[in-house]
Amino acid sequence: MKRKIYILLIMLVAIAPSCKKNLDIPPMNIVSDADIFGSISGVESYMARMYSELPMEDFKWSPTGTFNTYYFGSPAQITGEALSRDPQPLTENNPETSSIKTLWANSYILIREANYFMATLPNYASNFGDAQVTSWLAEARFIRAATYFALVKRYGGVPLVDKLLTQPGQSIDDITKNIDDLMVPRASEAGIYDFIGTDLDEAYNKLPETNKAGRANKYAAAALKSRAMLYAGSIAKYNTIALSSGSALVCGIPTSKAITYFKAAYDAANLLNGKYSLYLKNWAAGDKTAQYTNFVNTFIDATSPENIFIRQYKFPDAVHWYDVNNVPRQISTSVSSETSPTLNFVEMFEGMPKNDDGTIKTVDASGKYILYDNVTDLFANAEPRLRATVILPGDAFSNVNIDIRRGIYTGSTSGGINKLVPFGSTAAYPTATVVSSPSSTQTPYTLPNGTKMNPAGLSGYFTNTSGSAGSISGFLVRKYLVPNKPVAEIANNHSDQSWIELRYAEVLLNKAEAAYELNTLGQTGTYTADALSIINQIRSRAGASTLTSISSINDIRMERRKELAFENKTYWDLKRWRIFDKEQNGTTWRVLNPFYTAETGKYFFDPRLDERNTRFTFDPKWYYEEIPASVISKSPNIIQNPGY
Numbered sequence: 256m257k258r259k260i261y262i263l264l265i266m267l268v269a270i271a272p273s274c275k276k277n278l279d280i281p282p283m284n285i286v287s288d289a290d291i292f293g294s295i296s297g298v299e300s301y302m303a304r305m306y307s308e309l310p311m312e313d314f315k316w317s318p319t320g321t322f323n324t325y326y327f328g329s330p331a332q333i334t335g336e337a338l339s340r341d342p343q344p345l346t347e348n349n350p351e352t353s354s355i356k357t358l359w360a361n362s363y364i365l366i367r368e369a370n371y372f373m374a375t376l377p378n379y380a381s382n383f384g385d386a387q388v389t390s391w392l393a394e395a396r397f398i399r400a401a402t403y404f405a406l407v408k409r410y411g412g413v414p415l416v417d418k419l420l421t422q423p424g425q426s427i428d429d430i431t432k433n434i435d436d437l438m439v440p441r442a443s444e445a446g447i448y449d450f451i452g453t454d455l456d457e458a459y460n461k462l463p464e465t466n467k468a469g470r471a472n473k474y475a476a477a478a479l480k481s482r483a484m485l486y487a488g489s490i491a492k493y494n495t496i497a498l499s500s501g502s503a504l505v506c507g508i509p510t511s512k513a514i515t516y517f518k519a520a521y522d523a524a525n526l527l528n529g530k531y532s533l534y535l536k537n538w539a540a541g542d543k544t545a546q547y548t549n550f551v552n553t554f555i556d557a558t559s560p561e562n563i564f565i566r567q568y569k570f571p572d573a574v575h576w577y578d579v580n581n582v583p584r585q586i587s588t589s590v591s592s593e594t595s596p597t598l599n600f601v602e603m604f605e606g607m608p609k610n611d612d613g614t615i616k617t618v619d620a621s622g623k624y625i626l627y628d629n630v631t632d633l634f635a636n637a638e639p640r641l642r643a644t645v646i647l648p649g650d651a652f653s654n655v656n657i658d659i660r661r662g663i664y665t666g667s668t669s670g671g672i673n674k675l676v677p678f679g680s681t682a683a684y685p686t687a688t689v690v691s692s693p694s695s696t697q698t699p700y701t702l703p704n705g706t707k708m709n710p711a712g713l714s715g716y717f718t719n720t721s722g723s724a725g726s727i728s729g730f731l732v733r734k735y736l737v738p739n740k741p742v743a744e745i746a747n748n749h750s751d752q753s754w755i756e757l758r759y760a761e762v763l764l765n766k767a768e769a770a771y772e773l774n775t776l777g778q779t780g781t782y783t784a785d786a787l788s789i790i791n792q793i794r795s796r797a798g799a800s801t802l803t804s805i806s807s808i809n810d811i812r813m814e815r816r817k818e819l820a821f822e823n824k825t826y827w828d829l830k831r832w833r834i835f836d837k838e839q840n841g842t843t844w845r846v847l848n849p850f851y852t853a854e855t856g857k858y859f860f861d862p863r864l865d866e867r868n869t870r871f872t873f874d875p876k877w878y879y880e881e882i883p884a885s886v887i888s889k890s891p892n893i894i895q896n897p898g899y
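Count along the sequence shown from 1, then add 255; that gives the number in the working numbering.
Treat the hints as calculated values from the structure; they're not laboratory data. Check before you lean on any hint, since a few could be wrong.
Below, simulated DSBU-like cross-link-like pairs (lysine-lysine); rule was C-alpha separation at most 35 angstroms, straight line [as the list claims (entries may be wrong)]:
#1 Lys824 with Lys876
#2 Lys837 with Lys530
#3 Lys740 with Lys674
#4 Lys623 with Lys569
#5 Lys740 with Lys512
#6 Lys492 with Lys543
#7 Lys876 with Lys492
#8 Lys530 with Lys315
#9 Lys536 with Lys512
#10 Lys707 with Lys467
#11 Lys467 with Lys609
#12 Lys889 with Lys467
#13 Lys707 with Lys824
#14 Lys740 with Lys492
#15 Lys623 with Lys461
#16 Lys315 with Lys543
#17 Lys876 with Lys512
#18 Lys616 with Lys569
#19 Lys461 with Lys536
#20 Lys623 with Lys707
#21 Lys512 with Lys857
#22 Lys461 with Lys569
#23 Lys418 with Lys536
#24 Lys569 with Lys674
#25 Lys824 with Lys569
#26 Lys512 with Lys543
Here the structure is a predicted model, which is why all the values come from computation and not from measurement.
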C-alpha cells in the first residue's frame with residue numbers, strides 16, 4: 256500500500272533536496288492499493304488490522320498507561336475497587352503524569368488508516384457489491400469515532416483530521432510547500448464530540464444489524480454513541496477546567512450543551528430496545544445460587560445476548576494473561592492474586608450485617624468481635640452479584656474452597672475478643688496473640704486439638720506482600736475468571752476469553768443516568784420512571800432488592816460501580832463525574848482480615864486500613880492528560896493542557 260507519508264512531517268522539512276527523488280521510489284516489498292482493495296481477503300485483512308489497533312482498555316490495558324503489554328498489577332487499584340501487590344500510578348510516591356506516551360501518535364496513525372480506507376475503497380467498489388462497500392465504509396467510521404473518543408476523553412479537544420492530508424505519490428516538494436496546512440490546531444472539545452456523534456450516526460445508518468464476532472454492527476455504533484454522549488454531557492455539567500485555543504474551547508464544554516448531549520445518549524440507548532437483553536440463561540427468581548451462576552456466566556458465555564461488541568482472543572494466536580494474573584494462589588502459584596478488592600468496594604453491596612454508617616458490622620454492642628462457626632457465614636446472605644464479582648473468604652472457585660486468612664488468634668476468648676487494633680489504626684497486629692506468616696512458605700501452627708493449620712491459609716494474607724502472591728485485602732476478583740481451567744493452561748499468554756467492550760447492561764445504565772440528568776435539568780417526560788425501571792432491572796438480575804425510588808444521582812452511580820466493576824469503566828466514570836480527586840486524595844483503602852481462633856475453632860473479621868498504608872492521590876489537573884511534549888514541539892498550533 257502506498258502509505259509512504261507516515262514519516263513525521265517535521266522530519267520531511269529537514270530532508271536534503273538531493274534525497275527527495277529517492278524517497279519517491281517505492282520499496283521492492285511495498286503492497287499496492289490494488290493488492291489490498293482488489294479482493295475481499297485484502298480488505299478484510301486491512302479491516303482486521305484497524306480493529307486490532309483500537310485503543311481499548313481491555314485485558315491488556317495497564318494502569319501505567321500502556322496497551323498490549325504484559326504487566327504485573329491491576330487496573331482496578333487506581334479506582335479504589337481493589338488493591339494490588341505491585342504499586343502503580345495515583346499514589347503519593349508514584350503519581351500519574353502522562354499516562355500513555357504513545358497513544359496520541361498511535362491514534363493518529365489509526366485515524367489515517369481509516370481515512371485512507373474511506374478515500375481509497377470507492378475506487379475499487381466495482382469489485383464488490385454496493386451493500387458490502389457501504390458496510391465496510393461504515394465500519395471505518397466506527398473505528399475512527401472510537402479512536403477520537405479515546406483521544407478526547409483524555410486530552411479534550413484535539414486536532415480534527417477527517418480526510419487525507421497527504422496523498423499517495425505526492426512529492427516531497429508539494430508536501431513541504433503546504434506544511435502549514437498540515438499543522439492542524441486543536442478543535443473544541445465539543446466539536447470533537449459532535450464529530451464522533453456524526454460518525455456514529457452514519458455508522459448506525461449504514462452498518463448491518465449483524466456482523467462477524469469482534470466487528471461492529473449498527474447497534475455497536477449506537478451503544479458507543481450512548482457512552483460518548485453521556486461522557487460529553489457529564490463534562491458539560493461537572494467540569495470546571497477551561498482552556499481556549501483561539502476561538503476554540505479545547506478544555507471544557509459549555510454547560511448549555513449538557514441537555515443536548517444527555518438527550519443524545521438517551522436516544523442512542525433507545526435504538527437498542529428489543530435488540531439485546533440482559534443475560535438470564537441461568538437466572539431464577541429467589542434462587543441465589545442460580546443468580547450467582549448466571550452473573551458468572553455473563554462474562555464467559557460467548558453466546559450471551561448481552562454482548563454488543565467484543566474483542567476476540569483465541570489461543571495460541573491472540574491471547575492475554577488475565578487468569579494467571581488473578582486466580583487465587585492455591586489454584587496457581589505462578590503469579591496470581593494481583594487484584595484484591597477493597598472492603599470499601601465490597602460494602603457497596605447488600606446482604607451482609609452493617610453499621611448505621613453502611614460499614615460492615617464485625618463487633619457487637621460491647622465492642623467484642625462477632626464469632627462465626629464458618630468463615631463463609633458473614634456473607635451467607637450476600638447479594639449474588641457480589642459473589643460473582645468477588646471471591647469471598649472460604650468461597651468456592653474451581654471446586655476449591657479459597658483459603659484466605661490473616662492469621663490465627665491464640666489468645667483467650669473468654670469474655671470475648673476486643674479489637675486487635677483500633678478502628679482507623681495503621682499499627683501492626685500484636686504478635687503475642689496473633690500468629691501470621693511472612694510468606695507463602697509458611698510454618699503450620701499446631702492447634703490445641705493437635706491438628707495443624709497454615710496461619711495465612713493457602714491464598715494469603717502473607718505479610719511479605721512483595722514476594723508472595725496472595726490476597727492482601729481478604730478478597731480476590733472473580734469476574735472474568737474461567738473456572739475449572741487446567742493448571743497447565745493458567746500461564747502467561749494462555750488466556751483467551753473475549754473482552755466485552757460494550758454490553759447491554761452498560762447501555763441501560765447509560766440511559767438511566769442520562770434520563771435522571773435530563774430530569775434534574777428540567778426536562779419533562781418519563782425520565783424519572785425510566786431511570787427507576789432500568790435500575791430495578793439491573794438489581795433484579797443481580798439478586799439485589801428493588802428500589803421504590805431514586806433519591807439522587809448517587810443511586811445510579813453506585814449501581815454502575817457495582818455492575819461494571821473490574822471492566823475498566825469506573826476509572827472513566829470517576830473522571831467524567833469530576834469526583835476522582837474528592838474520593839481519592841489522601842485515601843488509604845480498607846481491607847477485611849479473617850482470623851481463626853485457636854481456642855474455639857471459630858472465625859472473626861477485622862476491618863482496618865490497608866496494612867501497607869498506601870495513600871492514593873489524584874491531582875485535578877489529571878482530568879485532562881498531558882499532551883506529549885514531542886507533539887507540542889512539532890507544531891506551534893498545539894497548546895498544552897493546564898497545569899503541565
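The hints, checked one at a time:
Among the hinted pairs, Lys824 with Lys876 is consistent with the structure: their alpha-carbon atoms are about 20 angstroms apart, no more than 35 angstroms. The suggested pairing of Lys837 with Lys530 is violated, with an alpha-carbon distance near 38 angstroms, which exceeds 35 angstroms. In summary, the hint linking Lys740 to Lys674 is not supported, as the alpha carbons are separated by about 40 angstroms, beyond the 35 angstroms threshold. At roughly 52 angstroms between alpha-carbon atoms, Lys623 and Lys569 are farther apart than 35 angstroms, so this suggested pair is violated.
Taking the CA atoms of Lys740 and Lys512, the gap is about 49 angstroms. The hint is violated against a cut of 35 angstroms. Taking the CA atoms of Lys492 and Lys543, the gap is near 39 angstroms; set against the 35 angstroms cutoff, the hint is violated. Taking the CA atoms of Lys876 and Lys492, the gap is about 17 angstroms. The hint holds against a cut of 35 angstroms. Between Lys530 and Lys315, the direct Cα distance comes to roughly 29 angstroms. Compliance with the 35 angstroms bound is thereby established for this hinted pair.
Annotation: proposed proximity of Lys536 to Lys512 is violated, straight-line Cα distance about 40 angstroms (limit 35 angstroms). Proposed proximity of Lys707 and Lys467 is contradicted: the alpha carbons are some 55 angstroms apart, above 35 angstroms. Of the pairs offered as hints, the one joining Lys467 and Lys609 is violated, with about 47 angstroms between alpha carbons and a cut-off of 35 angstroms exceeded. Taking the CA atoms of Lys889 and Lys467, the gap is near 40 angstroms; set against the 35 angstroms cutoff, the hint is violated.
Under the criterion of a C-alpha separation no larger than 35 angstroms, the hint pairing Lys707 with Lys824 is inconsistent with the structure, at around 43 angstroms. Of the supplied pair hints, the one linking Lys740 and Lys492 is violated, its CA atoms being roughly 46 angstroms apart against a limit of 35 angstroms. Taking the CA atoms of Lys623 and Lys461, the gap is about 65 angstroms. The hint is violated against a cut of 35 angstroms. Straight-line distance between C-alpha atoms of Lys315 and Lys543 comes to about 32 angstroms, which keeps the hinted pair within the 35 angstroms bound.
Between the alpha carbons of Lys876 and Lys512 the distance comes to roughly 23 angstroms, so the proposed pair stays at or under 35 angstroms and holds. For a cut-off of 35 angstroms, the pair hint linking Lys616 to Lys569 is broken: about 44 angstroms separates their Cα positions. At roughly 31 angstroms between alpha-carbon atoms, Lys461 and Lys536 fall within 35 angstroms of each other, so this suggested pair holds. For the hint linking Lys623 to Lys707, the alpha-carbon distance of about 27 angstroms falls within 35 angstroms, and the restraint holds.
In summary, the hint linking Lys512 to Lys857 is not supported, as the alpha carbons are separated by about 58 angstroms, beyond the 35 angstroms threshold. Under the criterion of a C-alpha separation no larger than 35 angstroms, the hint pairing Lys461 with Lys569 is consistent with the structure, at around 29 angstroms. With a C-alpha separation of about 45 angstroms, the suggested pair Lys418 and Lys536 falls outside the 35 angstroms cut-off, and the hint is violated. The suggested pairing of Lys569 with Lys674 is violated, with an alpha-carbon distance near 50 angstroms, which exceeds 35 angstroms.
With a C-alpha separation of about 24 angstroms, the suggested pair Lys824 and Lys569 falls inside the 35 angstroms cut-off, and the hint holds. At most 35 angstroms may separate the alpha-carbon atoms for a hinted pair to count; Lys512 and Lys543 exceed this at roughly 44 angstroms.
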